[in-house]
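Chain B: place on chain A using the hints.
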Amino acid sequence: MQKKGYVSFVLHAHLPFIHHPESDDYLEESWLYEAISETYIPLLHNFQKLVDEGVKFRITMSMTPPLLSMLDNKLLQKKYINYLEKLIELSKKEIERTKDNERINKLSHYYYDRYSSDLHFFRDECNCNLIEQFKHFQDIGVLEIITCGATHGYFPILYVNEETVRAQIAVGVQTYEKYFKRKPRGIWLPECGYIPEADKYLKEFGIEYAIVESHGVLYADPTPIYGTCAPITSPGGLTCFGRDITSSQQVWSSINGYPGDFNYREFYRDIGYDADYDYIKPYIAHNGVRVHTGIRYYRITGKTEQKDIYDVQWAKDSAEKQAGHFFNSRNEQIENASKYMNVPPIILCPYDAELYGHWWYEGPYWLYILFKKIYYDDCNFELITPSEYIDKYPNIQVCQPCRSSWGANGYSGVWLNPTNDYAHRHLHKAGSRMIELATKYPNATGIVKRALNQAARELLLAQSSDWLFIITNGTMVDYAKKRIVNHIGRFTKLYNQIKRKRIDIQFLKDIEKKDCVFPEIDYHIYTKLN
Amino acid sequence: MPNKTKETKKEIVKETEKISKVPEKEEKNEIKKTKKKNTSAKEIAVKVAETIKEASKKIIGSKEKNEKKPKKATRKSKKVTEEPITTETEKTSKKASKKTTSSTKKTNTKSSTTAKKSVSKKEANKPKDITISKIKNVKETYKSAKAIKPKPKAKKATKKPVSVIENYELPYRYNETIVRILYQTPNTLFVYWDMSDKDRQKYIKQFGEDFFNNSYPVLIIHNDTMNYSFEIAINDFANSWYLRVNDSKCNYRVELGRRISNINSNNTKAQNNDSSQNFHNDYIYVSMSNSVELPNDHILFKTNGNNTIKYRNVKTKQETNISIFDIIKNLPLIEKTEIPYLSSEILEGLYTAIYKNEDLSVLEALANPSSRGLESSRMPHSK
Numbered sequence: 001m002q003k004k005g006y007v008s009f010v011l012h013a014h015l016p017f018i019h020h021p022e023s024d025d026y027l028e029e030s031w032l033y034e035a036i037s038e039t040y041i042p043l044l045h046n047f048q049k050l051v052d053e054g055v056k057f058r059i060t061m062s063m064t065p066p067l068l069s070m071l072d073n074k075l076l077q078k079k080y081i082n083y084l085e086k087l088i089e090l091s092k093k094e095i096e097r098t099k100d101n102e103r104i105n106k107l108s109h110y111y112y113d114r115y116s117s118d119l120h121f122f123r124d125e126c127n128c129n130l131i132e133q134f135k136h137f138q139d140i141g142v143l144e145i146i147t148c149g150a151t152h153g154y155f156p157i158l159y160v161n162e163e164t165v166r167a168q169i170a171v172g173v174q175t176y177e178k179y180f181k182r183k184p185r186g187i188w189l190p191e192c193g194y195i196p197e198a199d200k201y202l203k204e205f206g207i208e209y210a211i212v213e214s215h216g217v218l219y220a221d222p223t224p225i226y227g228t229c230a231p232i233t234s235p236g237g238l239t240c241f242g243r244d245i246t247s248s249q250q251v252w253s254s255i256n257g258y259p260g261d262f263n264y265r266e267f268y269r270d271i272g273y274d275a276d277y278d279y280i281k282p283y284i285a286h287n288g289v290r291v292h293t294g295i296r297y298y299r300i301t302g303k304t305e306q307k308d309i310y311d312v313q314w315a316k317d318s319a320e321k322q323a324g325h326f327f328n329s330r331n332e333q334i335e336n337a338s339k340y341m342n343v344p345p346i347i348l349c350p351y352d353a354e355l356y357g358h359w360w361y362e363g364p365y366w367l368y369i370l371f372k373k374i375y376y377d378d379c380n381f382e383l384i385t386p387s388e389y390i391d392k393y394p395n396i397q398v399c400q401p402c403r404s405s406w407g408a409n410g411y412s413g414v415w416l417n418p419t420n421d422y423a424h425r426h427l428h429k430a431g432s433r434m435i436e437l438a439t440k441y442p443n444a445t446g447i448v449k450r451a452l453n454q455a456a457r458e459l460l461l462a463q464s465s466d467w468l469f470i471i472t473n474g475t476m477v478d479y480a481k482k483r484i485v486n487h488i489g490r491f492t493k494l495y496n497q498i499k500r501k502r503i504d505i506q507f508l509k510d511i512e513k514k515d516c517v518f519p520e521i522d523y524h525i526y527t528k529l530n
Numbered sequence: 531m532p533n534k535t536k537e538t539k540k541e542i543v544k545e546t547e548k549i550s551k552v553p554e555k556e557e558k559n560e561i562k563k564t565k566k567k568n569t570s571a572k573e574i575a576v577k578v579a580e581t582i583k584e585a586s587k588k589i590i591g592s593k594e595k596n597e598k599k600p601k602k603a604t605r606k607s608k609k610v611t612e613e614p615i616t617t618e619t620e621k622t623s624k625k626a627s628k629k630t631t632s633s634t635k636k637t638n639t640k641s642s643t644t645a646k647k648s649v650s651k652k653e654a655n656k657p658k659d660i661t662i663s664k665i666k667n668v669k670e671t672y673k674s675a676k677a678i679k680p681k682p683k684a685k686k687a688t689k690k691p692v693s694v695i696e697n698y699e700l701p702y703r704y705n706e707t708i709v710r711i712l713y714q715t716p717n718t719l720f721v722y723w724d725m726s727d728k729d730r731q732k733y734i735k736q737f738g739e740d741f742f743n744n745s746y747p748v749l750i751i752h753n754d755t756m757n758y759s760f761e762i763a764i765n766d767f768a769n770s771w772y773l774r775v776n777d778s779k780c781n782y783r784v785e786l787g788r789r790i791s792n793i794n795s796n797n798t799k800a801q802n803n804d805s806s807q808n809f810h811n812d813y814i815y816v817s818m819s820n821s822v823e824l825p826n827d828h829i830l831f832k833t834n835g836n837n838t839i840k841y842r843n844v845k846t847k848q849e850t851n852i853s854i855f856d857i858i859k860n861l862p863l864i865e866k867t868e869i870p871y872l873s874s875e876i877l878e879g880l881y882t883a884i885y886k887n888e889d890l891s892v893l894e895a896l897a898n899p900s901s902r903g904l905e906s907s908r909m910p911h912s913k
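Those protein sequences? They're chains A and B, same order as listed. Mind the numbering: the first sequence is residues 1 to 530 in this note's numbering, read in order. Mind the numbering: the second sequence is residues 531 to 913 in this note's numbering, read in order.
If you are wondering where the hints come from, they were derived from the structure by calculation, not from laboratory data. Some hints here could point you the wrong way.
Only pairs whose alpha carbons sit at most 25 Å apart, straight line, appear in this in silico DSS-like list of lysine-lysine [to be verified]:
#, chain 1, residue 1, chain 2, residue 2
1, B, Lys-840, A, Lys-203
2, B, Lys-845, A, Lys-392
3, A, Lys-321, A, Lys-49
4, A, Lys-528, A, Lys-200
5, B, Lys-845, A, Lys-183
6, A, Lys-499, A, Lys-528
7, A, Lys-106, A, Lys-307
8, A, Lys-135, A, Lys-56
9, A, Lys-203, B, Lys-845
10, A, Lys-392, B, Lys-840
11, A, Lys-183, B, Lys-847
12, A, Lys-514, A, Lys-499
13, B, Lys-840, A, Lys-200
14, A, Lys-316, A, Lys-49
15, A, Lys-339, B, Lys-886
16, A, Lys-200, B, Lys-847
17, B, Lys-728, A, Lys-499
18, A, Lys-178, A, Lys-79
19, A, Lys-509, A, Lys-449
20, A, Lys-3, B, Lys-886
21, A, Lys-514, A, Lys-78
22, A, Lys-501, A, Lys-528
23, A, Lys-4, B, Lys-845
24, B, Lys-886, B, Lys-832
25, A, Lys-200, B, Lys-779
26, A, Lys-200, B, Lys-845
27, B, Lys-847, A, Lys-203
Excised from the complex, chain A in its bound form (with noise of 0.2 Å):
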């Protein structure tokens, strides 16, 4: 079939960035450690087959700044070791405890094997550096990743002001450069929060294009004639991809999304939660509270309590024929799509990496499916990367694309809304006072300069948009509202002790162990602009 049209595909791969070398206690570590084993690990493994099998395939992937320095963070590598070498312990034990049940032993030995192989793969084959795997990829040419802002902090509330976007965009092209050797091409903006007022200086350091949420694109002045179908490029210089609206739904809805397959693996039924307390005891929270251990031996069978057992292969017959109805869907997409188009249509489907494994179990085994069926089956669209649909279509529509987000409702409602306004003004506070502080001291030096990086530290994590989000969610919210707290009073701390020229070093040092993300951090990136 001729080929009429393009499908995109990104992953936002995003966690902030917890780390707690002062104690083992906090559960919000174990976040990285489910993505790893659930996402991202799994992701490569699939890449690494489709490359072994031959079949081209394009994907892109963000990866954010935090998510980069916690998979380079040694301490957390070996917490992820060892969190290993727990599960591997519990499945054994649970090898054991199944033993008279046929079907969930069988699952008990999927997990053994399954955490003893990540184990191998993460800690002998790759010597505990994903990092590399990724880039490995992106090297060979399959795999395109982007990167982000600094922590994630969204842009259209810090934009009060412009220096902290401007730090957010610098840390990142800069975090991206020491893993991937190269300059990034794309950016998700975080929380695909896209302002015309960060523009210039995502152009500053070199930014084609990012992605948008799908109204970024609609609601754009002049109004693009394609509508998402292909990309447009604002005045100030930055090319917007814009979501997809049908295979987001697709995907996402829940009501008939994919994940919701009555196969597929229940996320809620975790022996965590169901096995014996006493006997769970050991691999569940220090203080005794149930969690998700990722041991699960139930689908999600109907909307009601009642769960069958998980059968391993008739998930991957669901994720096959939902492949199949994907691919279809495209392909019906860009034929009508494209006899209104003087260009190929681009089908944008940008989606959180961590729907992919962690919350929808089977997810990389649907993608896998999906480019073998794209690259075997007769079909009238292809896989490409934004940056190569650039490439081979330089000729964009100029528009201002609009304000928007990919929070519910679209705009900023997440990140501002009763339960978390209190604390923009101590981030615009404490930004404002890092532009004073960088602009002060131009020149600093020993104790100082170490002190004013480390300020840039712990405003950049006080600015993640994940503790808004959090605090709107209602769920680890003490935890959320805890990191606010600290790294702003960490950072007024930082602010006065500078400012009095009495800084603590024991503090300080305590405070660079713990907020150890960008090492190499430099604070003048805070200097005001003119």
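For chain B alone, kept in the frame of chain A given last:
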């Protein structure tokens, strides 16, 4: 956009508008005190009317003056109102508690006696943020009482590098005169504000002790794109507000001011937009916010001038303008179709064709479910 969605939106905004913030204790105190003195609001109003012509000049003048020569009382109050609050080490903590103030919501603006009280209270409370150089069992203090570690590990902990016990609070205010706005939705602005103690003193000096008692704060919302303004009354117990505005995709600024209580100001709407300081005679200007453009909230179906579409080659930077009618003529499916006369109709037609399976009017509801709780694919998860 469907009416339904808009109505829901309105409800949400109404709700949010109701929300006012925790009262500033210090302000409460101040109001109580000022009530004792019995200057009437009318008297103040007269005073305001007399001085209003020169007010703006004086404000600027006194600002500079105050900055240059802060009075003793201001200095003292500043000491206790400014945010936290750190002490260096255990060794110096006593010293520090005298010199600095600890984080507290109780801020004071006026009398030195109140300031003293506040300081002594803080001394009693001990500093919130203590750096302890060498402390045994530091790790244990982080853990819950139940989590008992084996003894050898506890010994180990004492050998570990120094850790710092931290306990911060966000300051209630930064003692600065500020108005900042952010957009929440295409029709909702969020505004937060504060007035510095120095400025408060300035107004008291200018208009009398009862000034804050007999006046109330107002926000004047300026739509700079459509050149109109409107005002809403707020109260001294709030320090932030959600403002419903009608026109999306416009530039807004919000002005903070005060109006004298007893003068009815029903005629304050739709005032001129040129200057904030001569809004009305019973009005005192305080501060102006940053400018914010609200997002657009619908498909515009519009082209550039002369029905053209501008293209830019992002590699060569070369720009070209092409008539939308020329573009349409070349489309594979348009050959036999009658081309609409209006470019907006062409665009609507194209959208209907390209999105034949989508109802674009519900686009607003299609945002990423990652911010809607349980369907979330974000890691912070729970049942």
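Hint check results:
{"no.": "1", "hint": "Lys-840/B x Lys-203/A", "verdict": "holds (20 Å)"}
{"no.": "2", "hint": "Lys-845/B x Lys-392/A", "verdict": "holds (10 Å)"}
{"no.": "3", "hint": "Lys-321/A x Lys-49/A", "verdict": "holds (20 Å)"}
{"no.": "4", "hint": "Lys-528/A x Lys-200/A", "verdict": "holds (16 Å)"}
{"no.": "5", "hint": "Lys-845/B x Lys-183/A", "verdict": "holds (17 Å)"}
{"no.": "6", "hint": "Lys-499/A x Lys-528/A", "verdict": "holds (17 Å)"}
{"no.": "7", "hint": "Lys-106/A x Lys-307/A", "verdict": "holds (17 Å)"}
{"no.": "8", "hint": "Lys-135/A x Lys-56/A", "verdict": "holds (18 Å)"}
{"no.": "9", "hint": "Lys-203/A x Lys-845/B", "verdict": "holds (13 Å)"}
{"no.": "10", "hint": "Lys-392/A x Lys-840/B", "verdict": "holds (19 Å)"}
{"no.": "11", "hint": "Lys-183/A x Lys-847/B", "verdict": "holds (20 Å)"}
{"no.": "12", "hint": "Lys-514/A x Lys-499/A", "verdict": "holds (23 Å)"}
{"no.": "13", "hint": "Lys-840/B x Lys-200/A", "verdict": "holds (20 Å)"}
{"no.": "14", "hint": "Lys-316/A x Lys-49/A", "verdict": "holds (16 Å)"}
{"no.": "15", "hint": "Lys-339/A x Lys-886/B", "verdict": "holds (12 Å)"}
{"no.": "16", "hint": "Lys-200/A x Lys-847/B", "verdict": "holds (15 Å)"}
{"no.": "17", "hint": "Lys-728/B x Lys-499/A", "verdict": "holds (22 Å)"}
{"no.": "18", "hint": "Lys-178/A x Lys-79/A", "verdict": "holds (24 Å)"}
{"no.": "19", "hint": "Lys-509/A x Lys-449/A", "verdict": "holds (13 Å)"}
{"no.": "20", "hint": "Lys-3/A x Lys-886/B", "verdict": "holds (21 Å)"}
{"no.": "21", "hint": "Lys-514/A x Lys-78/A", "verdict": "holds (16 Å)"}
{"no.": "22", "hint": "Lys-501/A x Lys-528/A", "verdict": "holds (21 Å)"}
{"no.": "23", "hint": "Lys-4/A x Lys-845/B", "verdict": "holds (23 Å)"}
{"no.": "24", "hint": "Lys-886/B x Lys-832/B", "verdict": "holds (20 Å)"}
{"no.": "25", "hint": "Lys-200/A x Lys-779/B", "verdict": "holds (21 Å)"}
{"no.": "26", "hint": "Lys-200/A x Lys-845/B", "verdict": "holds (17 Å)"}
{"no.": "27", "hint": "Lys-847/B x Lys-203/A", "verdict": "holds (13 Å)"}
In summary, the structure agrees with every hint in the numbered list given earlier.
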